[in-house]
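**Student:** Given chain U, work out where chain D should sit, using these hints.
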Amino acid sequence: AQSVSQHNHHVILSEAASLELGCNYSYGGTVNLFWYVQYPGQHLQLLLKYFSGDPLVKGIKGFEAEFIKSKFSFNLRKPSVQWSDTAEYFCAVNAWAGNNRKLIWGLGTSLAVNP
Amino acid sequence: DAMVIQNPRYQVTQFGKPVTLSCSQTLNHNVMYWYQQKSSQAPKLLFHYYDKDFNNEADTPDNFQSRRPNTSFCFLDIRSPGLGDAAMYLCATSRDQGNEQFFGPGTRLTVL
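Quick mapping for you: the protein sequence lines, in order, are chains U and D.
Just so you know, we're using the working numbering here: the first sequence kicks off at 1 and counts up by one.
Just so you know, we're using the working numbering here: the second sequence kicks off at 1 and counts up by one.
Pulled out of the complex, with its shape left as it was, chain D reads as follows:
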């Protein structure tokens, strides 16, 4: 089945220690998104790639970076995680920007 895969499912890191989360998709969608979701809240868009074009949300901290080396993969780098960055990180894809988004299972990040 075509899908969105996120690794790892659970990540524990120490305060200030860089961490990278990965997302891959077999849907061949041209748009990939990274969201942050905290408990009982709506997902908050961090940034998205439309093909190779990177689009950062205005309120996304500089601490968060992303890379998309090819159509299938997208990475979220958190350069210096703080306690406030503990959350579920969701990757999603869509065919163009107006269509439904397909979500991965998420990576739950714990910051000690």
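The shape of chain U in the complex, shown without the other chains:
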């Protein structure tokens, strides 16, 4: 069965530290890849996505992610985090499941950035 694994469940950083959140998936076919963010008390919103082309994608708020097909990975990075990046981060993979495509979600990573 398809699955998405996020390696870090809770991350605590100080402002200006660099961030890398790991995401691996298990699915052999073509996938669309997403990172969503959920700020405290707010709705889920898209950070960035990868469908095809340049495997290094840039998203909002200075985030980027790199798709490495051979490793089935789509890690999220930010060179210098801010207090406002405190949020829950979800990696998700859109893949075929039977006759439908659906999002397979990772369990999420809770990021706390200390000022």
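Be careful, since some hints might not be right.
[Stated by the list, open to error] Here chain D is said to cover these stretches of chain U; the calculated rule only asks that three of the stretch's residues, wherever they fall, bring their Cβ under 8 Å from a Cβ of chain D:
1. 19-26
2. 39-50
3. 92-101
[What the hints assert, rightly or not] Label-pair restraints from in silico Cβ distances:
4. D:K52 x U:I12: 24 to 32 Å
5. U:G53 x D:G82: 44 to 52 Å
6. U:Q42 x D:N30: 24 to 32 Å
7. U:Q42 x D:L27: 14 to 22 Å
8. D:R79 x U:L107: 26 to 34 Å
[As the list claims (entries may be wrong)] Okay, derived cross-link-like pairs now, DSBU-like style, lysine-lysine, Cα gap no bigger than 30 Å in a straight line:
9. D:K52 x U:K69
10. U:K58 x U:K69
11. D:K17 x U:K61
12. D:K38 x U:K61
13. D:K44 x D:K17
14. U:K102 x U:K49
15. U:K69 x D:K44
16. D:K44 x U:K71
17. D:K52 x D:K17
18. U:K69 x U:K49
19. U:K71 x U:K61
20. U:K49 x U:K71
21. D:K38 x D:K52
22. U:K58 x D:K52
23. D:K17 x U:K49
24. U:K71 x U:K102
25. U:K49 x U:K61
26. U:K49 x D:K52
27. U:K102 x U:K69
28. U:K71 x U:K58
29. D:K52 x U:K102
30. U:K102 x U:K61
31. U:K49 x D:K44
32. D:K38 x D:K17
33. U:K58 x U:K102
34. D:K38 x U:K49
To be clear, the hints were calculated from the coordinates, so they are not data collected in a lab.
We put the CB at the ideal spot given by N, CA and C, even for glycine.
**Tutor:** Showing chain D alone in chain U's frame:
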């Protein structure tokens, strides 16, 4: 701004008392989804509509039903809420099934 709207934002119901949550969208997307999200967990897909075609997840309890009377609106009916159904219910839309999903703010359901 085009958006996904959910009403109400907070719903309190009694154990076993039916409740209906609503979702509307101005994005004109053909796919609408209902998710259940519990605290600090990933969203769990309950079902989705691809145009008028209803697609139920295999592990969605029969207690949960949905209606999509037109492109813009979708409803989640919980026929007999139990304490375990207390959660945030998220509506999302997408243009076709492979594209990014746009989420509403959610309805927080409390079951007393």
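**Student:** Okay, which hints does this one fail, numbers in order?
**Tutor:** 1, 4, 9, 11, 22 and 23
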